[in-house]
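Next come the chains, spelled out residue by residue.
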Amino acid sequence: MLPLKEKDRPIVRALLDAGCCARCILRFCCVSLQSAYRQNYEDLTCELQSFADTRETSISGDSAEKEQQDVPPCKKIRLDIEKGGDEDGKDVKESAEKTESNICVVCLGVLQHFCDKDFAKKIAETVMAEKYEFHSLVLSVSLPAQLSVREHSAWLLVKKEMREKTMCLGKDDVIQVKEAYKWILHSLVSQELGVPALAKSLFEVSVGFKHPETDGDCHFLAATCSGCFKPAKNKQSVFTRMAVVKALEKITEESFRRKFSCPPKRPTTLCALQEIQCLHVPVFVAGRYNKFSRTLPQTPWVIDGERRMESSVEELITAPLLSAFQAEGFNFSSSGRPFAVELLNPHKAQFSTEEVHQLQETINKSSSKIRVRDLQIVTREAVGHMKEGEEEKTKSYCALIWTQRPIEENDIEFLNDIKDLNIAQKTPLRVLHRRPLAVRQRVIHTMSAQYRDSHHFCLQLRTQAGTYIKEFVHGDFGRTRPNLCDLMKTETDILELDVESVDVDWPPVIPEPESQKGRSSLPEHQHKDTPPSQEDIQCHPLGSLF
Amino acid sequence: MEDTEIRGAPSVIDRYFTKWYKTDLKGKPCEDHCVLQHSNRICVITLAETHPLLQKGKAIKSISYQISSACSRLENKVSGKSKRGGQFLTELAPLCRITSTDGEEFTIFSCVRGRLLEVNADILTRPNLLLEKPSTEGYIAIILPKFEESKSITEGLLTRTEYEDVVSKRAAMKDLL
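Listed in order, the protein sequences are those of chains D and B.
Using the numbering used here, the first residue of the first sequence is number 1, and each one after it goes up by one.
Using the numbering used here, the first residue of the second sequence is number 1, and each one after it goes up by one.
Quick caveat, the hints were computed from the structure, so don't treat them as lab data.
Among these hints, one or two may not hold up.
Covered stretches of chain B (chain D as the covering partner; in silico rule of three or more C-beta atoms under 8 Å from a C-beta of chain D) [to be verified]:
(1) 39-49
(2) 116-125
(3) 134-141
Where is the CB? At the ideal position from N, CA and C, for every residue including glycine.
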């Protein structure tokens, strides 16, 4: 028995006449009993038809008898399911031509054909083929925007019926197509995949539908509510679901009825499945690294499609991670030595502490140019914190300076006395192609100079994080002021730069297991006494500064 | 060239930039410009060493970025990574006008197609920068060519060797007269 009351009868009749499917009718009658929707479609349709055909005077108790007399054959209502829109709608046209279209004018067939066991099986097969590891899933559905327009049209029809019978029902009481759809599909998909379908999960399966035949249904809204439809560069169509919903809220009943038929026109084709997409939330992996090569850039150095320097810190760290987590992409960010990698759409996301440690070893074994420490899975919030405190952090460097004019030991002593020097740095030319043009205020906290010869000295600096050291030394066409040339009153240039230390306590230190103790405590700072070489100066993107 | 010999190592310009030249801009003899092209495709427009302004005895009276009543290069504002809002320049777009104390007027041109990122405001307050350090602190403007055009922008420009050729030919002509 359907949970329908006497008052629902006129609505049911009106919607049946309009071409609405059984489940949509239940929705407009505000039936919130989930099991009603899960009933077999044909049975549901028959029950509804008999409910509609019963004379008004019959009470539920007597209706059973009367129904048997008045019920017309259910067969004509049955949707020809064999020729449904499964195979690219090829066969749908045939069946549509045979009989008057039975496709629901509101849900365009979504609630008629796409919520049975077969469809659930199809979803399950697609998901399994992509080989993800998951323990639950969230099912998300995207429907073409015109469903809102058709829903609105059917709603106006229902309102008219209610007004005549002086009933009061809010549009918000009507069950949404998506909700009813999920009520049916959740348990079916759950059964097929063996995991619960929840409201929230790390793994999302999105099912998208399209119905090109009725895409034009939305267009009239652009004329009446032009404010809602702003062309956005990235979107294919201006008629997004949000925009359509907004416009429907604004438009008056009269305007709507003038431009759109009430009830909506019957479609000749069934809604088609656009895609089934799987997405796992990203996993964040953080750690610390040391770089032991002057020529290893932080990010891949490619100009005009040509690679200028083999490998990079980023690639050495992310390659084993991408492979282990079976991720489809990554975002690498670092605050100097601490780094974080966002692994996008990982097909495998659960790793034990030992497994993560193994990964760290894999990275370290792959190249002698870098070494990673404290590799761990972290949360997105933790990564946010890494970037937050950057302004307050300080970093220490050691630079080999060349001066144009000859210098003596006492010429550089004054540098030791400079404390908290404020400098203004315009975005350096060497990164200006990919960073916004801006002026950065930075502080050089302390400096210490060691004389080498008449044209060279070693300068140690402790600066605010984010300071461009090279530009402070050579001035970057005068775009960093004051710079070392100004202070020394001569042209100066930087021949070598080493990062001494990074004063930050994130990510949390992970104690090395006993067997690794000997190897883990390498000092951060290397190459202090190597003499300058041509190679060092030529190719030096020095990503560690960022 | 001389730089490396003195310092024993390439300078910032040598490390990161390629020098390109445009000579006799708009037919005016010796009004030569030097475009410093960074390996990341950004171009810095500077005066070439043969430009009249950089010859002995010249002093600057005024520099102006107001190239027409409607357009001042100083008002150029860019925002974001893609440098939206920057004035788009063609090769012969004027950047600024410089007047020397002896009454001569010179216009400095863009030489490359691209988006104007910034002009050097420092030379307005310290014109000597232009005379003393024309290749570094006395630069005129910074331009970002379109990514697709990064290679083609140098098609209309001379390499250092070709420039030196032009300069020596001029000297030879002078000797003949």
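Hint check results:
no.: 1; hint: 39-49; in the structure: holds (count 5)
no.: 2; hint: 116-125; in the structure: holds (count 4)
no.: 3; hint: 134-141; in the structure: holds (count 3)
Every hint, counting from the list given before, is met by this structure.
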